[in-house]
Amino acid sequence: MREKLIEKGLLLVAFSAVATIFLIAFFIFREGVPLVAKVGVWDFIASTRWAPSKGQFGILPMIVGSLEVTILAVVFGAVLGLSCAMFLAEFAPRWSVRILKPMIELLAGIPSVVYGFIGVVVLVPWIRTTFGGPGFSVLASSIILGIMILPTVIAISLDAFHAVPPLYKEGSLALGATRWQTLYRVQLPAARSGIIAALILGMGRAVGETMAVIMVAGNALTMPTSLLQPVRTLTSNIALEMGYASGDHQAALFATGMVLFVIIAVLNTIALVVTRPRT
Amino acid sequence: MIIKPLAWQRIVWVALAAMTLLTLVVLFFIIGFIASKGARVITPEFLFGMPARMGKEGGILPTIIATIYITLLAIIIATPIGVGSAVYLTEYTRESAITRIVRFGADALAGVPSIIFGLFGFILFVIRLRMGWSLAAGGLTLAFMILPTIIRTSEEAIRAVPHNLREVSYSLGGAKSQTIMRVVLPNALPGILTGVILGMGRSVAETAATIFTAGSSLLIPKSLFDPARTMAVHFYILAREGLSMERAYGTAFLLIVAILLINVVAYSLMFRLTRKMR
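For the record, the sequence lines run as chains A and B.
The opening residue of the first sequence carries number 1 in the numbering used here; numbering runs sequentially from there.
The opening residue of the second sequence carries number 1001 in the numbering used here; numbering runs sequentially from there.
Rather than coming from a laboratory, the hints here were simulated on the basis of the structure.
The reader is advised that the hints may include incorrect statements.
So the derived list for chain B, only partly shown, Cβ under 8 Å to chain A, looks like this [said to hold, decoys possible]: (1) GLN1009; (2) VAL1026; (3) LEU1047; (4) ARG1100; (5) TYR1170; (6) PHE1225; (7) ALA1239; (8) LEU1243; (9) SER1244; (10) LEU1261.
Below, a list of computed lysine-lysine pairs in the BS3-like style, where the Cα atoms sit at most 27 Å apart [what the hints assert, rightly or not]: (11) LYS1004/B / LYS169/A; (12) LYS1176/B / LYS8/A; (13) LYS1056/B / LYS1037/B; (14) LYS1056/B / LYS1222/B; (15) LYS1176/B / LYS4/A.
Don't be surprised by glycine CBs; every beta carbon is placed ideally from N, CA and C.
With the sequences and hints as input, model every part of the structure.
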């Protein structure tokens, strides 16, 4: 009897994570949906006017801004991260991997505000003097985000390389291929799904990151037309205005969160589908 | 010109090594830069003094206290739920629809951005449950945020406990719950602690989820329902409003030291655990 009770109790506890996801979706959507219904879906996601005091809530510039910054960040993250993962998986000596991997994972623990701060005091001035413009820009945001997603990209793609059966590599080497040819033609394709998952999860982190982006993006309410111009992302829109928003304005911020939630859900679903073992 | 395969390999080796080096340089640069500018700000007055003029002067004691409170609150709430979920997943079910749903929930929750947790915590705890900006609202929000980390690491730790230990307990007449409490969990403890400590690290570092749930009051919180400002939030406000660069560096340095210590403890636990397995 007691054992049964414990089992039922644990079952309930086990569903808490799922319940939380639904609770989050429920509360965000309950605040956001009425506002979107009021201004119209099209005017919400396709209008470029965001003037809460005049009742105008168009988030197109933020959607474009978020996508632009995220895609560029993933490009930076992919070039650096995959190079790192390939080097650690195939070329670096074993002992160094044991030291380097935890060190890279420590990068993930550094608070995002610290990344943002480094961006403000080092990267932004550098961009301003080297390329011109205000410095606070799409470029600055995506470089900082690219660095921030490195641990995710490296850790997951390294696991993907390690999961490739050693027989593949041995077979290729036995045929006289060099280690690079083997890595590029055999192990890379075999690890493809894991690498794609790594990049998509990195993308999820980049699109959801808030504080670091606010600090370096400049947050202007215009369509970003150049990499050197300031930009406002979906996340920064929420965080910048939550402090003082009320009424429809606050609802519009929840609606912004709703769009973000949907984007993340789509990305995670893709990551889940690519990594699902084929049966 | 055709490059020979082995020459190619050498070129690639250099390129990849350079990229790896660049990544490490970035890591050391961030830590070194903050340390070089922040370490000298750390004095007893800075650590144990009260802030003055919005943080422009004085110390950061209230933010240190708030960070400790809110982090403890988060792990006190999240640990039983996370470990309970893991126990159910590993000890009570086989692979089934239920395990898939629970795992999906944990994965999905892990992918939710912290600003969404902030919105959620704000509307549910601060507004609907009338907690106001408070330690309680912040701690609860962070608890949900670190739940997936604790579930996943505890699940792995419990799975790694050798099966024959359980069988010995059963053969001595131990009930399932006794076996779990006295045999499985003690053996999985280092792994579970790793998850809890990683969750602590995330709570300490978090800004977006805490600023809208715990608030940014600079007073020392006296009860669960007092508002509070964590170190990360304090640092964000100092840096963003340009109140005091010196104090911003000092706070950032303290934050990084705290996080590095927390993570080093977590990794050394994990390392000891995996070595024991072999």
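For each hint, the structure was consulted:
Annotation: interface hint on GLN1009/B holds; nearest CB of chain A at approximately 4 Å, less than 8 Å. Because the beta carbon of VAL1026/B sits about 6 Å from the nearest beta carbon in chain A, less than 8 Å, this interface hint is met. Contact between LEU1047/B and chain A, as hinted, is not supported at the beta carbon level, the nearest pair being about 18 Å apart and thus beyond 8 Å. Contact between ARG1100/B and chain A, as hinted, is not supported at the beta carbon level, the nearest pair being about 11 Å apart and thus beyond 8 Å.
Residue-level restraint check for TYR1170/B is violated (minimum Cβ-Cβ distance to chain A is 13 Å; threshold 8 Å). A cut of 8 Å between beta carbons decides the hint on PHE1225/B: the least distance to chain A is about 20 Å, and the hint is violated. Hint status for ALA1239/B: holds, given a least beta-carbon distance of 5 Å to chain A, under 8 Å. Hint status for LEU1243/B: violated, given a least beta-carbon distance of 13 Å to chain A, over 8 Å.
Interface hint status for SER1244/B: violated, as the beta-carbon distance to the closest one in chain A is roughly 13 Å, over 8 Å. Residue-level restraint check for LEU1261/B is violated (minimum Cβ-Cβ distance to chain A is 10 Å; threshold 8 Å). Proximity of LYS1004/B to LYS169/A is assessed by CA-CA distance (about 20 Å); at most 27 Å being required, the pair is judged to hold. Taking the CA atoms of LYS1176/B and LYS8/A, the gap is about 13 Å. The hint holds against a cut of 27 Å.
Between LYS1056/B and LYS1037/B the CA atoms are separated by roughly 17 Å; this keeps the pair inside 27 Å, and the hint holds. For the hint pairing LYS1056/B with LYS1222/B, the CA-to-CA distance comes to about 23 Å; that is within 27 Å, so the pair holds. Taken as a hint, the LYS1176/B and LYS4/A pair is honoured in the structure, with Cα atoms around 10 Å apart against an allowance of 27 Å.
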